[in-house]
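Top line first, the protein sequences correspond to chains A and B.
For my numbering, count along the first sequence from 1 and bump the result up by 102.
For my numbering, count along the second sequence from 1 and bump the result up by 332.
Don't read these hints as lab results, they were simulated from the structure.
Bear in mind the structure is a predicted one, so any value in this text is a computation, not a measurement.
Here a beta-carbon is modelled for each residue, glycine too, at the ideal position from N, C-alpha and C.
Worth double-checking, as some hints may not be accurate.
[What the hints assert, rightly or not] If we take Cβ atoms under 8 angstroms as the criterion, some of the chain B residues that face chain A in the derived model are: (1) Pro-586; (2) Asp-716; (3) Ser-717.
[Unchecked claim] Simulated restraints, written as ranges between beta carbons of each label pair: (4) A:Asp-597 <-> B:Gly-630: 33 to 39 angstroms; (5) A:Glu-293 <-> B:Ser-717: 29 to 35 angstroms; (6) B:Pro-715 <-> A:His-290: 49 to 55 angstroms; (7) B:Ala-686 <-> A:Pro-562: 51 to 57 angstroms; (8) B:Thr-509 <-> A:Thr-234: 18 to 24 angstroms; (9) A:Ala-140 <-> B:Leu-724: 50 to 56 angstroms.
The primary structure of each chain is shown beneath.
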Amino acid sequence: MPDSLPLSRRHLITGSAALAAAAALPMPAWARGADMHAARKGFGTLAGEDIRLHIGRSAFEIGGRAGHAVAVNGTIPGPLLRLREGQRVRLHVTNALDEDSSVHWHGLLVPFQSDGVPGVSFPGIRPGETFTYELPIRQAGTYWWHSHSGLQEQMGHYGPLIIDPAQPEERVYDREFVLLLSEFTPLHPHEIMRKLKISEGYFNYNRQTATTGDMPLAERIAWGRMRMDPRDISDVTGSAYTFLVNGHAPEDGLEFLFQPGERVRLRIINGSAMPFFNFRIPGVPLTVIQADGQDVRDLEVDELQIGTAETYDLLVRPGAGAHTIVAEAVDRSGMGVATLTSAAGQRAAVPPLREPVTLTMADMGMGPMDGAGGGAMNHDAHGAGHAAPMDHASMGHASMDHGSMDHAMRDMAKLPPDANGVAVDMVAPMPLDRTGFPGLGLDTVSHRVLRYTDLVARRPNAVRAPERHLEIHLTGNMERYMWSFDGQKFSAVTDDPIRFGHDERVRVTLVNDTMMAHPIHLHGHFFELVNGADEAHQPLKHTLIVQPGSKATFDLTANEPGDWAFHCHLLYHMHAGMMQVVTVRPFPEEDA
Amino acid sequence: MRGLLFATAALIAAPAAAQDHSAHRVHSQPAAEQDDAAQAGQEDESAHRGHSSLPQSAEVEDAPAHGESAESATGHGDPHSTNDDAMDHGSMDHGSMDRADHPAMDHDSMEHSSSEHADHRAMDRAEHEHMDHPPIDHRATGYGAPAAAPSASGPPPRAFEGPRHAADTIFGTAAMTRSRAGNAVMDRMSFGTLMLDRLEARVGEGADRYLWDAQGWYGGDEDKLWLKSEGEGAFGGGLESAEVQALLSHAIGPFFDLQAGARYDLEPDGRAHAVLGVQGLAPYLFEVDAAAFLSDEGDFTGRIEAEYDQRITQRLILQPRAELSLAAQDIPERCIGVGLSSVEAGLRLRYEIAREFAPYLGVGYEARLGDTADHARAVGEDPDSLSLLLGLRAWF
């Protein structure tokens, strides 16, 4: 059952109109009777000014795994919302669960009260209630939506959201497909969290053993001394997850049909709870045209890493025949697979999973060690000076002897004084800007890969000097599975938000004091990634991967008053405390 | 006495290792100035602080108002060295930016504006920020030069204006308070587990024996209720030793918990103990559990256990394990002599059918030492023994 969305633009309009009409019925089929019907794989499209979403319990079975799920409008993922820049939309969301729910419009510039984060932007949607979000659509691009309540997102409560530009599309293409990457697990997400709290390596079956891994013994001992696992890439892996493309497991044979010679736009959304994916279509060059829904200058690559909650738009011109779309989990524990083909039913070879990757001392923030660490250094970025301020004062740590290592690896003086020592198992001794690092596993491949430092905004942003510099540490304790900003879990700082003045221009540096990559998401804003591009062309993003043991910097103009969530988009990290509230004040009317 | 020293040393050493360096961060805050800081919340006091020009001194603002991550590198201490006019902005890194000076205080620009909505803590802070950082035209500070970084001061005063919680103005405080309460506990969930570390049969020279060693806990990241039980006996010969412990466990560092509570021995005789110990993950990934016991008879003993998981494959794991028992005095009724009374060493090879379910095979060596060994010999027992182990490791 190919779920290809043959959305030539003509089809799109008629197709979505029909679905919108269906959605307007007072009691849609999936909302009637027992809720526990199996959710369908894949999504339909909803458009218009009034859109109804219904959040309900369901069952889901895929890839030989079956379990409970939360489905929106009866499908996983939930429906594709197709909007147009300049329209207004009312989204009527009914919660048929027996617990609170919510929908957050990821990447959308919205009034704060419509941002959908319970306890921050609104009270949440109580069981049985319908909440209406009113959104003026001020932008175009590829986005997505998901629950911001508990761990519901893990259970299927997410879907794509595409906004067509008010002006005719600048890019020329004949066809487009939305590819929403995610995962399904039969385990209840609370059970996943419990297992992580008891035994953080529970899901990892790619660890180094006496018989595998080529790390020299001395280095293994050094990792052991630090009580860290160099194969700890993803907390939850293919041992619990079936990786999905548009709700389909690899064995479902999902295919996207095109005509030979067509230019095809792929809208890639990482709507997963945890995994990063390395995305490629062997033999088909990928031209990146948007990142996080924002136009960037065309950039041709062969593979790219997409962090949780990021989106990339790609143009491809595949040759006639079949091509395998590969979304390989970054820890190499599995992959999402689909086929891009000009002949229905035709298949290309599915490449095998590549060897698991192993962290290096660079991922521990120990500076440019040899080996893969060196690959992390992007000298272009450094050449820009402010992009990667080297901390020469701490350079000495690079030469530290092992006797002093423990101290150097956890110098709490680098964190604010009220950081909770229990919550911090490591403080990167020498974090470098690694925005030039393409992502774990992609630094060693021979083909072209995407690096943040290659992203250049297609249209100039207003150039404004930052008025303030803010540094925020990403901290964690792997063993206890505690995650936090500046050594304090969200629950410890609910009265102490990160405050910005309205229209304040702030340069924010995120220092990753952990050995995991964190996709950090700020609600309600786009920030400009300080990546070495000239200041007018720094790419706009809503979610930023901060590589392990490194720092990354963005410029933010805090021009959206209100309260906004700011968090790691790894669902279990957020739920374990890696979240904060950002306030932007005052409201303009109070300004007067 | 030897034993006592030994046990005490072990107990002290372990928590010290566990603590790592959490104390080190203290050096960024001279203690004397922390006292000042305690009063800095008062307006007058804080206004005066603006005048006190103690060159190079690191003033510490009031702790409660802290929390803006702005000062991350130096924390809230945000030392304002007052005479760095000659600072070379071109060569500054962000770390040193924290120490960037703030030009002469302009008291006229201090405003103690108050907003009804802003909470007190925020107000204190707003005033501090404003006072400490008089308006600077940041664009004039050489900002065009790419290497110059903006100063790392706190948020501007306007960031503290308006409602404390934006959503309350739309949805009402009652509804928002309820949902905020949910966020406040989101990362404070409690979990629990029951772990059967060793449930095994021991086949050796004498009668076949059995042993269990189980523990379970319930609680959050830092505080847990911990239960432990272990016991041993001969098949057909009844229970020889059995104990249960109930401990409160509190994190004292990233990797270690301090545990205190009670132990009750069901066998060989009913005896209660006070327990103080540490448990956690030591460098090189050794799981360590060390505890001291003071019995209701006044006997002082200690026990140190360590184990290590060596993965052979992803599911086949070889676990060396060692246990030392110590006594500060003779306990004749239990045939225990002063000092290091026994050692146990085991090597278990388990196969994790699931992470939670792993049968194992192993060998174990037990030896009673010193006076304890003499006690054993006196009653005709072999002070040491070697056994083949067959068991199950499981958790739920």
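Okay, the hints, checked on the actual structure:
{"no.": "1", "hint": "Pro-586", "verdict": "4 angstroms, holds"}
{"no.": "2", "hint": "Asp-716", "verdict": "29 angstroms, violated"}
{"no.": "3", "hint": "Ser-717", "verdict": "29 angstroms, violated"}
{"no.": "4", "hint": "A:Asp-597 <-> B:Gly-630: 33 to 39 angstroms", "verdict": "49 angstroms, violated"}
{"no.": "5", "hint": "A:Glu-293 <-> B:Ser-717: 29 to 35 angstroms", "verdict": "42 angstroms, violated"}
{"no.": "6", "hint": "B:Pro-715 <-> A:His-290: 49 to 55 angstroms", "verdict": "51 angstroms, holds"}
{"no.": "7", "hint": "B:Ala-686 <-> A:Pro-562: 51 to 57 angstroms", "verdict": "56 angstroms, holds"}
{"no.": "8", "hint": "B:Thr-509 <-> A:Thr-234: 18 to 24 angstroms", "verdict": "22 angstroms, holds"}
{"no.": "9", "hint": "A:Ala-140 <-> B:Leu-724: 50 to 56 angstroms", "verdict": "37 angstroms, violated"}
Hint compliance for this structure: hints 2, 3, 4, 5 and 9 are broken, all remaining hints hold.
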